Amino acid sequence: MRAALRSGALALGLLVWVAGGLGAQDVRELDPLSPLESSYRRSVELLLDSARLAGLPTGPIESKALEGISKKVSGRQIVTVVRDVFRSLLRAQSSLGLRASPAELTAGANALRVGITSVELAHLASTRGSKDLTVPLVVLSDLVTRGVPRDPASQTIFQLWQRGAADDDFLGLWRGVERDIVSGTDPGIALMNRAREIPSRGPPPTTPPAGDRPDDSENRNR
Amino acid sequence: MTDQFDSLDPELRQIVAEARRPVAMGEGARVRLMQAIRSAPAPRRARLEWVLRPRQIALPPWATVALAAGLVGIGVIGGTLVTDRDGPSAEQPSAVVAGTPQLPDSLVPRTIKFVLVAPAAARVSVVGDFNGWNTSATPMQTRGANGMWTVYVPLHPGLHTYSFVVDGQFVNDPTAPLAPDDGFGSRNSIMFVKGSSL
Numbered sequence: 053m054r055a056a057l058r059s060g061a062l063a064l065g066l067l068v069w070v071a072g073g074l075g076a077q078d079v080r081e082l083d084p085l086s087p088l089e090s091s092y093r094r095s096v097e098l099l100l101d102s103a104r105l106a107g108l109p110t111g112p113i114e115s116k117a118l119e120g121i122s123k124k125v126s127g128r129q130i131v132t133v134v135r136d137v138f139r140s141l142l143r144a145q146s147s148l149g150l151r152a153s154p155a156e157l158t159a160g161a162n163a164l165r166v167g168i169t170s171v172e173l174a175h176l177a178s179t180r181g182s183k184d185l186t187v188p189l190v191v192l193s194d195l196v197t198r199g200v201p202r203d204p205a206s207q208t209i210f211q212l213w214q215r216g217a218a219d220d221d222f223l224g225l226w227r228g229v230e231r232d233i234v235s236g237t238d239p240g241i242a243l244m245n246r247a248r249e250i251p252s253r254g255p256p257p258t259t260p261p262a263g264d265r266p267d268d269s270e271n272r273n274r
Numbered sequence: 682m683t684d685q686f687d688s689l690d691p692e693l694r695q696i697v698a699e700a701r702r703p704v705a706m707g708e709g710a711r712v713r714l715m716q717a718i719r720s721a722p723a724p725r726r727a728r729l730e731w732v733l734r735p736r737q738i739a740l741p742p743w744a745t746v747a748l749a750a751g752l753v754g755i756g757v758i759g760g761t762l763v764t765d766r767d768g769p770s771a772e773q774p775s776a777v778v779a780g781t782p783q784l785p786d787s788l789v790p791r792t793i794k795f796v797l798v799a800p801a802a803a804r805v806s807v808v809g810d811f812n813g814w815n816t817s818a819t820p821m822q823t824r825g826a827n828g829m830w831t832v833y834v835p836l837h838p839g840l841h842t843y844s845f846v847v848d849g850q851f852v853n854d855p856t857a858p859l860a861p862d863d864g865f866g867s868r869n870s871i872m873f874v875k876g877s878s879l
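So the sequences go chain by chain: A and B. For the first sequence, the numbering used here begins at 53 and goes up steadily by one. For the second sequence, the numbering used here begins at 682 and goes up steadily by one.
Next up, chain B with everything else stripped away, as it sits in the complex (with noise of 0.2 Å):
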C-alpha cells in the first residue's frame, strides 16, 4: 500500500495527504452527531422486497410439465365454476325469479326441469335455443341405477325448441310435443314456457 502511494504523482501525493489529516471537532461534536443520527428516521425497507425480489428457480421438466398442467386446470376450473349455469343454485327456483322482481314476465325466468329415462345411457345432455344447441354446455345427471336424467334450466317465458342429445345422438323428448322436420333429418321438441302472468 505504502509503494503504491509512494509511487503517485508528488502534487497527487500532497493532496492525498491533505484529504488524510484529521479534523478537528469540538468536544460535544461527536455526542450531536451521534443524537441527530438516533433522531433521524429510519430508511423503510420495502415491505415486498422479498417477494419481488428477482429470483431464478430451477426445476426439473417433469416438474416443469406439472406445474403448466397444473395451472391450466386451475384457470380451467375456476372459468367453469364462474360460468357454469347449470350448478346447485339452478335448484332454487325462488331465488331465480325473487332475484329479479322488477323486470316484466316476460325477462323472469322460470327454472324447468327437463327428465329423461335412458338406462343404457352413458352421457346425456340438452340442447336447444337456450344454449345455442351447444352439446356440452347443459349436462344431466342420473342418480341410482334407475336410468333418470335430469337436469334443472332457466327459461325465459316463450316458445323453446330442444332435443336430448344421448351418446351422441339427438333424441326428441317422449313426454312433449313434436316440433316439425327440423330440415336437418330429425325433429326436435317443443316447449311454451308461461310468464307468472299468462
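Chain A with its partners taken away, still in its complex shape (with noise of 0.2 Å):
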C-alpha cells in the first residue's frame, strides 16, 4: 500500500513537472518578455512604444531584449543597453534621413556605437540615390570593430561610395581586409591595400531630393 502510495505521487510529481516546463515554454513564447522583472520590462515596452511613435524599427530594440534575456544577463544592464540602441537608431533615422529602410537604421545604428559620427552618416546619405546603404555601414562598422581606424575606414568606405562600387565590391573589400588581418597585416594598411584593388563603377549615385535630406540640425550639434 504504501509503495503504491510512493508510485503514485511520484507520478503525479513527475506530471506537475512536466507540465509546469512546458507551460514556462509557452508563456515563454507568447510573451518572450516574461522572463524579465516587472520594471526593467515595463523600460523595455515604453521604449518599444516610443519607437513606435518615432517610425523606428522595434525589432533591434526587442531583439537586443531578448538577447540579454538569452545571455542571462541582469534586468538593470538589458535596459541599459536597449535604451542605447534607442537611441543609437533614433540618431541614425536623423542622420540618414526619414525615408531610410528598418536595415538601414539598424546598420547605422551599430555604426553610430562604433564611432562613426552623425555627420559622417548623413554625408554618405546624401548621395545615396536610390541605392541601399546596409551594406557598406555593415562594412564599415565591422572595419572599425576589427580595428581600423575610424577616420581612413569612414573615408575609404565614402569614397568607394562616390565611384559607385557595388555590395560586391564592399562584400569582396570586408573579406579581403579581414583575411590580411587574420595574416598578420596591420588593419589600416588592409585596408588602404583592399581598396585600391576596387574597380571605378560609373559617377555617382544622384543627390537625392531636398526633402528626403536629414535633419541638418542634428547634425549640426554633433
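Heads up, a few of these hints could be off.
To be verified - Distance condition first, Cα-Cα at most 27 Å in a straight line; then the derived BS3-like pairs of lysine-lysine:
| no. | chain 1 | residue 1 | chain 2 | residue 2 |
| --- | --- | --- | --- | --- |
| 1 | A | Lys124 | B | Lys875 |
| 2 | B | Lys794 | A | Lys123 |
| 3 | B | Lys794 | B | Lys875 |
In case anyone wonders, no lab produced these hints; they're calculated from the structure. These numbers come from a predicted model, not from an experiment.
Two chains, two separate frames, one set of hints: put the complex together.
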C-alpha cells in the first residue's frame, strides 16, 4: 500500500514537473519578455512604444532585450543596453532621413555605436540616390570593430560609395581586409591595399531630393 | 406466496383477483398482435454504447506512471512536429518561396544555410533576432566526423544579428561581418538578406 502511494506521488510529481515546464515554455513563446522583472520589462515596453511613435523599427530593440535574457544578463543592464540601441536608432534616423529602411537604420545605429559620427552618416546618405546603404554601413562598422582606424575607414567607404561601388565590392573589400588582418597585416594598411583593388563603377549616385535629406540641425549638434 | 395473498386486506385481495382474471381476446387478436410487433421498428442500440459505457480500470502503480509518461511524450512529440521550424522542409527553398508568390519581396523569406566548423562540439545551435535568441529553437546538425554543423533557416530580407551557441558558449560566425559590441560583453555576427528584387 505504501509502495503504491509512493508510486502514485511520483507519477503526480512527474506530471506536474513536465506540465510546469511545458507551461513555462509556452508562456515564453507567447510573451518573450516575461522572464524580465516587471519594472525592467515596463521600461523595455516604454522604449518599444516610443520607437513605434518615432517610426523606428522595433525589431532591433526587442531583439536586444531578448538577447540579454538569453545571455542571462541582469534586467538593469538589459534596460541600459536597450536604451542605448533606441538612442542610436533615433540618431541614425536623424542622419539617414525618414525614408531609410529598417535595415539601413539598424546598420546606421551600429555604425554610430562603433564611433562613426552623425555627420559622416549624413554625408554618406546625402549621395545615396536610390541605392541601399545597408551593406556599406555593415562593412564600415565591421572594419572599425576589427581595428581599422575610424577616419580612414569612413573616408575609404565614402570614396568607394561615390565611385559607384556595389554591395559585392564592399563585401569583397571586407573579406580581403579580414583575411589580411588574420594573417598579420596592420588593419589600416590592409584597408588601403584592398581598397585600391576595387575598380570605379561609374558616376556617383544622384543626390536625393531636398525633402529627403537628413535633419541638418541634428548633424550640426554632433 | 399463497400465505402472503391470504394475509392481504379483503378489499385489496378483491382488486388483485380482478387483475388476475384472464381477458377474453378474439380469435385473430394474437395473430394481429404478433404482426404489429414484427412491423414495428426495432429500437436502435446506441452505437457508441460500448465505448461510452463507464467502467473502472484497475492499474498497478507502475502502469499508471508509464501511461502518464506516454501521454506526456505523445503531447511533446506532437507539439514538436507541429511547431518545428527546422525540419527537412526548410531544405527546399523553392517551396518556401513558391508558397507565397503574392507577397512583396520584403516579406518573402529566403532560406539561409548556416555553417559552423566545430569538431570538438557536442551541441551547436544558432540564435538571433529570427528566433528570439532562443538557444533551443534552432539546433544545428552534424554528419560524419568532419565537425561541420549546418542548419537551414528561412529569413526575411533585411539585416539580421545572430550568434552560434557552442556547448553553451556564444560564438560569432568567423565568415560574417561583426556587429559592434553587443553591450553584454561579446560580439555577434551580421547577415544581410536581400529580397529577390534588391
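Hint by hint, here is what the structure shows:
Under the criterion of a C-alpha separation no larger than 27 Å, the hint pairing Lys124/A with Lys875/B is inconsistent with the structure, at around 32 Å. For the hint pairing Lys794/B with Lys123/A, the CA-to-CA distance comes to about 24 Å; that is within 27 Å, so the pair holds. The suggested pairing of Lys794/B with Lys875/B holds, with an alpha-carbon distance near 14 Å, which does not exceed 27 Å.
The structure shown violates just one earlier hint, number 1.
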